[in-house]
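J.: Residue numbers (our numbering), protein chains in the order written: chain P, 1 to 250; chain W, 251 to 546; chain S, 547 to 880.
Errors might be hidden in some of the hints.
Listed below are the simulated DSS-like cross-link pairs for lysine-lysine, each with C-alpha atoms no more than 30 Å apart in a straight line [what the hints assert, rightly or not]:
1. K538(W) - K656(S)
2. K862(S) - K156(P)
3. K113(P) - K656(S)
4. K656(S) - K447(W)
Computed footprint of chain W on chain S; a stretch qualifies when at least three of its residues, placed anywhere within it, have a C-beta under 8 Å from a C-beta of chain W [claimed, not checked]:
5. 567–577
6. 657–668
7. 715–724
8. 791–802
Note that these hints are calculated values from the structure, not bench results.
This one's a predicted model, so the numbers in the text were calculated from it and none came from an experiment.
Don't be surprised by glycine CBs; every beta carbon is placed ideally from N, CA and C.
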Amino acid sequence: MSSADVLLRGHELTRRWGGLVALNKVSLALERGTLHAVIGTNGAGKSTLINILAGEVPPSDGLVELLGQDVTAWSQPRRARAGLGRSYQRNTIFPTFSVLENCRLAAQARTPKPWHWWQSAAHCAASVPAAEEAATRAGLQALLGRTAGVLSHGQKRQLEIAMCLATAPEVLLLDEPLAGMGAEETERMLALLTSLKARHAILLVEHDMDAVFRVADRITVMVNGAVIASGAPEAIRSSAEVQAAYLGEH
Amino acid sequence: MGLATFLIQCLNSLQYGLLLFLVASGLTLIFGIMGVINLAHGSFYMIGAYMAFALSPIVASTFGGSFFTVLTVGLVLAVLLGYVLEWAFYSYLYEREHLQQVLMTYGLILVFEELRSLLVGDDVHGVKVPDLLAGLLPLGELMTYPVYRLFISAVCIALALGMLFVFTRTRLGMMIRAGSTGTAQREMVQSLGIDIKFLYRVVFAAGVAIAALAGMVAAPVSSVYPGMGSSVLIICFVVVVIGGIGSIRGALVAALLIGFVDTFGKVLMPQVAGVLVYVLMALILLWKPDGLFKAG
Amino acid sequence: MKLTLSSKAIFVLAAFGVLAAYPLFAGKFGIDLVNKIMVFAVFALSLELLVGGTGLVCFGQAAFFGIGAYATVLLSAQADAPSVGWLLPAATGAAALYALGVGALSLRTKGVYFIMVTLAFAQMAYYVVHDTPLGGGTDGIYLTAKPVLGAFIDLNKPLVLYAFTLATLAAVFVFLAVLSRSRFGRALAGIRVNEQRMRATGFSTYPYKLAAFTVSGGIAGIAGFLFAVKDGFVNPELMSWHFSGSVLIMIILGGIGHLRGALVGAFAFALLQELFQSEALFGSFAKHWQLGLGLAIIASVALLPRGLVGLPAQWKERLVGRASRRAETAEVNP
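Modelling step: build the complete structure from the supplied sequences, incorporating the hints.
T.: As structure tokens, this is what we get:
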């Protein structure tokens with residue numbers, strides 16, 4: 001796999017909070033067309049990892065590279081504009097806006113044009129089509145006019161992904177998109193994730209092991225802030241260390 | 251500036267700073283622990299000062315009282331006031347958003363001001379310095395310093411040490427720190443069997459009492475006037491912003507800093523003295539937007 | 547905020563219609579009072595942009611109002627018959643400039659800090675005009691000459707001033723309505739609901755907030771200009787934090803999140819003040835009007851969470867709730 005395919009790279013990322021080491025020299029690389037899952041127990045550092053990659057938290061040590069550029073010092077909005085999208089574990093949709101407006105506002109980040117104050121956003125030629133496309137890819141084309149707050153939990157999680165897609169990212173950092181979903185909704189989300197793989201590089205943090213083994217091309221296992229194993233799903237499943245440290249608990 | 255004058259201004263700065271710290275600590279505690287921004291906190295300071303003025307004749311005729319009796323009676327009344335206020339009003343503010351808290355406590359300021367106007371009037375009053383403390387301490391050959399001002403500083407230091415003791419060494423203090431803002435922590439503390447409602451009531455009453463006591467103790471030097479609550483409130487806000495919200499240590503450092511800047515400013519640059527404190531705040535914000543210290 | 551020709555739009559058009567027709571059947575006192583309320587409505591609209599539009603609770607809005615007013619008086623002294631054409635923009639610009647400075651520093655803070663810092667910066671401006679000869683001290687300063695615009699608009703005449711104020715209010719209202727539907731306005735709305743999400747999406751939120759803060763300060767400056775021209779006199783109390791508190795009450799009383807809430811709130815607040823100050827109702831107790839006002843503030847924040855414009859919705863919910871409960875019982879007991 002040539003390094004030209006690597007869209008996002010984290011190199012020896014470390015994060016200390018006072019005396020506590022939340023993340024210890026974690027390295028990983030995300031390649032286009034692959035879904036890379038990160039699993040681990042609670043407190044293993046998965047959220048910290050995503051926060052550092054996204055730019056919400058600065059690392060104490062280590063480096064983040066996006067599309068070949070060193071973005072370690074870049075703010076989160078800057079990384080997002082450069083093609084790094086993320087979704088959150090808890091819903092961060094805008095509940096009082098419609099589904100379309102949620103996606104449109106997200107798409108607007110790419111073409112902000114704030115100076116044209118007399119133009120109505122609802123007729124914005126750039127963000128509206130992008131929003132419709134993102135919502136459709138996420139399976140929400142029938143619900144564009146619905147107020148986001150009244151959607152079912154599964155639909156809200158879909159919207160969370162749609163907002164991410166509306167920014168036309170290269171890399172997707174998805175934090176537990178399956179959280180709180182029933183069986184049918186999980187199936188839909190997994191189909192969505194599989195369809196997204198082709199155009200993007202995806203980092204997936206998840207607890208649902210069955211789901212992870214179905215969609216992941218590569219799995220990294222974290223315990224206590226460090227990586228204990230990383231590789232193809234079959235290798236991870238059969239690894240004795242991983243079973244002892246993590247899988248055995250399930 | 252001669253050495254004696256310098257020393258006097260230093261002592262004045264210390265006294266002013268410590269008094270500010272006392273009032274500000276109540277404000278920052280109530281916010282840090284209960285999450286309530288209380289605009290009416292300055293009113294408690296004013297209430298304390300007016301109590302010192304209004305209670306003196308009453309205490310004198312009932313107990314033949316001294317200043318210290320007035321302080322004690324005032325303190326008891328302040329604790330009662332705080333207890334009742336928390337139960338009747340403030341307990342409803344905990345879950346509300348900041349804007350609502352700001353406006354409801356602002357309405358309370360207006361109510362307090364008018365009640366004071368109704369009960370005691372709008373005149374400016376003086377409170378007599380008690381004879382015991384009315385002496386002058388000689389500084390060098392020519393200058394003297396009022397003993398009462400030293401007394402104020404001593405009271406503030408004593409209270410500060412008392413607060414430190416309660417927070418770090420007593421069970422009550424531990425419970426207070428455990429119950430600090432955050433619904434998750436609150437629920438956790440409640441599940442441990444600690445009555446959080448009672449805890450909050452105690453903390454609030456203490457905050458009110460401390461502010462009122464500061465007002466009572468300051469009354470003989472600052473005189474008792476209608477706008478005193480507002481002026482102390484806004485300076486306390488600056489203390490909290492500079493010191494860091496929820497941080498007692500920060501409140502102390504910031505209050506002393508402001509005490510010195512303001513006092514020396516009034517002496518050296520009287521024209522701009524009023525603005526200096528805010529310039530200081532602006533500079534510190536440039537450097538540390540979250541204040542000098544973190545909560546705790 | 548979608549602008550459909552709904553009941554909201556009809557309400558606003560009707561309100562402006564009433565205001566336009568008012569001088570026809572009102573006396574001098576009435577015209578003066580409504581003129582003053584309209585000025586406060588412009589002031590309230592400026593704050594609504596910040597609080598309702600962007601989620602920034604500013605407790606120092608009076609500083610920008612006061613700077614607009616003081617700039618008007620100080621700059622008009624430079625000419626015999628100052629023209630509105632440069633005086634109004636100058637006053638607006640002065641206020642916006644201070645807002646830019648205050649915003650640049652305050653917006654580095656969040657939440658409660660922001661509220662306290664904006665209050666402190668307003669207090670700083672207050673002390674500058676109160677303590678230094680710059681602003682004439684506590685006595686204040688008088689406007690030497692009322693401005694004119696061309697041959698027709700002589701703001702010395704009360705009716706002309708009334709019309710000018712009304713036109714300005716309408717212009718500001720329309721501007722803010724258009725702004726709220728624009729990309730910039732939608733971004734502000736997103737920042738209000740969830741700033742972190744906006745950042746994760748790619749919006750650098752600080753410049754947006756600073757722009758909103760500056761525009762808001764400028765509009766408050768316009769209100770200050772109108773006030774200075776009307777009263778012909780400015781004093782430091784225009785920058786007092788009580789005034790900052792009053793304008794916050796206006797918008798929460800009217801209803802946050804709605805431009806017409808600022809209009810309704812300004813009128814409601816003025817009426818409340820007149821009510822409690824009325825000696826006809828309260829006799830000699832009227833001089834303690836702040837007691838009634840304070841209680842009214844507490845009550846309205848507690849009982850009217852969505853303000854006066856939210857009342858119809860509140861009642862509807864109550865009625866619907868009652869009707870559906872009745873329907874439920876009807877199903878159970880046919």
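J.: Each of the hints needs a verdict: does it hold here or not?
T.: Against the structure, the hints come out as follows:
{"no.": "1", "hint": "K538(W) - K656(S)", "verdict": "holds, 12 Å"}
{"no.": "2", "hint": "K862(S) - K156(P)", "verdict": "holds, 28 Å"}
{"no.": "3", "hint": "K113(P) - K656(S)", "verdict": "holds, 26 Å"}
{"no.": "4", "hint": "K656(S) - K447(W)", "verdict": "holds, 28 Å"}
{"no.": "5", "hint": "567–577", "verdict": "violated (count 0)"}
{"no.": "6", "hint": "657–668", "verdict": "holds (count 9)"}
{"no.": "7", "hint": "715–724", "verdict": "violated (count 0)"}
{"no.": "8", "hint": "791–802", "verdict": "holds (count 5)"}
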